[in-house]
Structure formats: structure tokens, C-alpha cells
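Undergrad: Residue strings, one per chain:
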Amino acid sequence: MQIFLPIADVPVDLFVLLILGAAVGFLSGVFGIGGGFLMTPLLIFLGIPAAVAVATEANQIAASSFSGVLAHLKRRAVDFKMGNILVVGGLLGSAVGVEVFRIIKSYGQIDLFVSLCYILFLGSIGTLMFLESLSTIQRSRKSVNTFKHKKKHNWIHGLPFKTRFKSSNLYISAIPPVVIGFIIGILASIMGVGGGFILIPAMIYILGMPTKVVIGTSLYQIMFITAFTTFMHATQNKTVDLLLALILIVGGVLGAQLGARVTVKLKAEEIRILLAIIVLLVCLKLALDLMMTPNDLFSITYGSES
Amino acid sequence: MRVFIFSMLLIFSTASFTLSSVISDIDKSNIELSTRFDGTNLLVFGALSPEIDNTSLLVEVIGPSTSVDITKKVQIWGIWVNKKIAHFQDIPSFYKISISNPEHPILKEIEYQKLKSIFYDFLETNSTPQDGNGVEQYYHELTRLKKKLGKLSIFEEKINIIDKKLFSYKVNLPKKIYPGKYKIKMTLIDQQGIELSKSEQSVKVSKVGVQEFLSSNSKNNPVFYGLFSVIIALFLGFSAAQLFRWMYR
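Residue numbers (our numbering), protein chains in the order written: chain X, 1 to 306; chain V, 1 to 249.
If you are wondering where the hints come from, they were derived from the structure by calculation, not from laboratory data. A hint or two may mislead.
[Claimed, not checked] Below, computed lysine to any residue pairings styled on SDA-like, alpha-carbon distance capped at 20 Å:
hint, chain 1, residue 1, chain 2, residue 2
1, V, K147, X, I300
2, V, K72, X, I33
3, V, K219, X, R102
4, V, K176, X, S299
5, V, K148, X, R102
6, V, K72, X, N295
7, V, K207, X, N295
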């Protein structure tokens, strides 16, 4: 069934969108990821303008992270103090990101910019994930357990503005969380992702947070940042397509529920390798689209009505 | 119904016509762009006097104006990048022209004059052509791309002439059209292309329902629209959490 998206200004098939939302939701349920970094490129492949895909995806993530954070609140798995400091950095990052986005959009190069950001991020993260899981698999075959868990005492502990984070059982400077939050805010606003794939490793390896509060706290920050990013894109760039967001939210919720209930008979590193392959394929497709000679060198873009 | 209107037109027309004249009507005055809009047809019909013999009927459909940029993809470091090469200010987003007599002696001349007056004259001059092909290249790309998108058609569609006196013409509007006023101009011309008589109708194309609500608020009340989008998303996220907690209790 064909519907016309009011802000994206393109006709799309409703069922294709629902299935896409459900498929990405399903993957996020299985892999425990947000899915924004898959959904935004897929929307672009469907012919939705990159600027609309990014802003609308932020809107969808606001919904899915809110429903996620509610579940973690029940389990008291959110470090609010840490979350709030991350949010402060994130709001700044988002504001800066949306402004950068607006400037590049005014030069008519936003599609290229978003694609390049995705190629860079998906390429590096996919490759890292792939190599890391490969070496984990090889190590487990040799059955040598080299996994060590030690409290690291690194440069982070030398920074000023130290404060105590009770839920995380940490006494560290507030600067690293603000900086991490800032980077996540930038990512959310220019790529339409929650940024969990950066935020979670950063919380564990840089901040040294205990794993039990990491997911809840990251969802808490992501919810605020994507909600704010949605608002900023709506006011600065007018690129949030609420109808598209609604369809993706509905599809995504159904898919995620299914995905979370499917028992995957795979080891953690095998799941990661699969995910890395998906990420690299999307990256490859984006790169090919930029490099292949287009069918038509010329195109027309419509300006505002007069 | 159509036949009835035609015959009524015929009766009235024969009584009131003086020299050369054309009268016309259309089958709808409003087109609603809903979320499900998938293109539509518009029927234009009317009567001519005196009988069409040495005269030809031109029908033009002119959509609301927008500005248009032509971009060309250029390769930089192996990557194809869009480069803006020409800008047309306020030209019709949709234009169709048809003629009752495709063998009109100065058809090419009419075509050029029409395209010049609605498109070519609106090229902003700061975009100087680099390829040596001159502005003609921009004109060519503009018409080629507009035709490709179904937004321009020049003497491709037929006007039905019945008994040399009545005419009907079906306008096909694609699914992606701009809202606004669509003018339908009927002009009777002689063999030299001189205008003898004309008649004009218009159709109002407007967004309705969800389509109207979202696009007008996004444009005119962005603060409200932004807050509304966030609240709807959070509400849906909350409902989903509640629903599944209840389902898997």
C-alpha cells in the first residue's frame, strides 16, 4: 500500500517500511543493539532524503530508548548522576551537531556528508568488531583463557572536578563523561543513531562503570539526547517526518519483541561476527553508491514554493 | 453526464458566439492530496466557435511556481559529488501543453516561445556555463529532467475534437505534485500562431488531513511540531513498555 510521506516528500510502500522497521527491530532484539546505524542507511537506500532519514531516526530512537529505560528503571540499573552528566555533554554536542548539519545542508551537500560519516563509522567499527571476534574465536579454540579483569588506574583518574558516583561505585572526574556525552550528541545529530555502540564501550573501558548499570544508563542518556535532537532538527532543519517515525516505531517495537524472545543458538562472538558482516555490507553499499558512475549525471532539486 | 454537458454547451455556444471563441469547463475544482494520493485525472472539455478549420486549439496546464536547481555530479577523489550548475527562479513545477492539430505549420516556433516565456527567461545569470555549450545546455537539461519526472509534456497528448466543435482533454497528474493553483489555459490560434480567443480554468490542489497537519505545522510552527513529535514518540515508547509488560506478566 503506497503512502505519501509529508516531510520526506516521497511516496513509499507502507508494508515495506513496516517490515524494514520490524527487521531492524528484530536484529536489535537479537544483537542487543539500537539499530539506528542500520535504519538510517536503509531509509536512504529507499530514497528518503538523508536529512529526513537522520532526523526521523532520532525521533524513533527516542521512543525505543524510552521504552527500554523504563524496563531498566524497574531493575534500578540506572546511574542517574552519571546519566545526567552525560546528558549535559550530549545536549551541547547535539546543539553543535544540528548547527553543523544545517550549514552543510544549506550548501546542498548533506547527503554526501551523512554518507561519508556512515562509511567512516561503519567501516571502522565493523572492521574492529570483526577482527576482535575472530581473535576471540581463535583464542577460545586454543582454550587459553587470557581474559583479565582488573581495575585500571589510568589517566582518567588524574583529571580535576572529581565526584562520587554511588550507583557505579566510582570516584572520577566529571570531565570524561561530559566529553563522551558531547561526542554521542554529535553522532546522534549528524547520523541519527543512539550511539550505544560507542557509548557502552566508553562507559566500560574509559569510565570503568560496572556492566550492570551500563545499559540502563546509556539508554537514559540516549533517550534525552535523541528527544532533544528531534526537537532541534524539527526547529532548525524541518526534517522530522512524524508519519515515517510512527511507522518505524510500530514496526520496530514488534520486531524487537520478537527478536528478544528468539533463542539464538550462537556464541557471543559468533553473533558479533554476524553483526560485523551486516555493518560492513551496509558500509560497502554506501561506498559503492558514492563511487559508481551515476546513470544520470544531472538532476534537479526543487526549492521552496513561492 | 459528459454527453449532457457537451450538448448543453453546444446549444448555448451556437447562440452566443460572435467571431472566434472558446468556452470550457473542468470536471473538478479541487484536488485533495491525502496520504493515499496516487495521482489523478482531470477532464477538461468545452466548445469552439466557429468550427475548427483553419484554427488550432492549444491547452496548457500550469502548476504552481517553485525555484529549481540543476545539479551535475562531478568526480572528486573518486567520489561523485553534486555540484549546482544552474538556478531557475519561480518556474511552474508542472507544465503540459497539447495542440489539436499536431501538423500546425509553426509548431516548433510555438514550442520554443512557450518554453522561453515560462522556463528559459527565469535562468539566473550568475551561473555561467563552463562546458562551452552555453545556456542552451541548461535549457536542454531542465526540459529533459522535467520530462523524465513526468512534470513536463510538450505536444505528447491528444486533444479529442468531436464534430469540429467540441473538445475534451484528459490531464494526468502524477502522484508527486506541488499543492497550489493549477491553471488550465485554452487558446485558439490561427495558422500564423496568432491568438484568436482564450479561456481559463483553475483547480486548487491542497494537502488534507494528516498530510496537511504535519507539513503545515512542520513549516509554520516548528517549535510545536518538534515538541509534538517528541511527545508522541515518548508516549508510544511508554505504551509499548506497558503493553509488553502486561502481555508477558
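Undergrad: All the hints need checking, so say for each whether the structure fits it.
TA: Each hint, compared with the structure:
1. As the CA atoms of K147 (chain V) and I300 (chain X) are separated by approximately 11 Å, the hinted pair is consistent with the 20 Å bound.
2. This hinted pair does not check out: K72 (chain V) and I33 (chain X) have alpha carbons roughly 38 Å apart, beyond 20 Å.
3. A distance of roughly 15 Å separates the Cα atoms of K219 (chain V) and R102 (chain X); the hinted pair therefore holds under the 20 Å criterion.
4. For a cut-off of 20 Å, the pair hint linking K176 (chain V) to S299 (chain X) stands: about 16 Å separates their Cα positions.
5. Under the criterion of a C-alpha separation no larger than 20 Å, the hint pairing K148 (chain V) with R102 (chain X) is inconsistent with the structure, at around 30 Å.
6. This hinted pair checks out: K72 (chain V) and N295 (chain X) have alpha carbons roughly 12 Å apart, not beyond 20 Å.
7. Restraint check: the Cα-Cα separation between K207 (chain V) and N295 (chain X) comes to about 33 Å, which exceeds 20 Å; the hinted pair is violated.
When the structure is compared with the earlier hints, violations turn up for hints 2, 5 and 7 and for no others.
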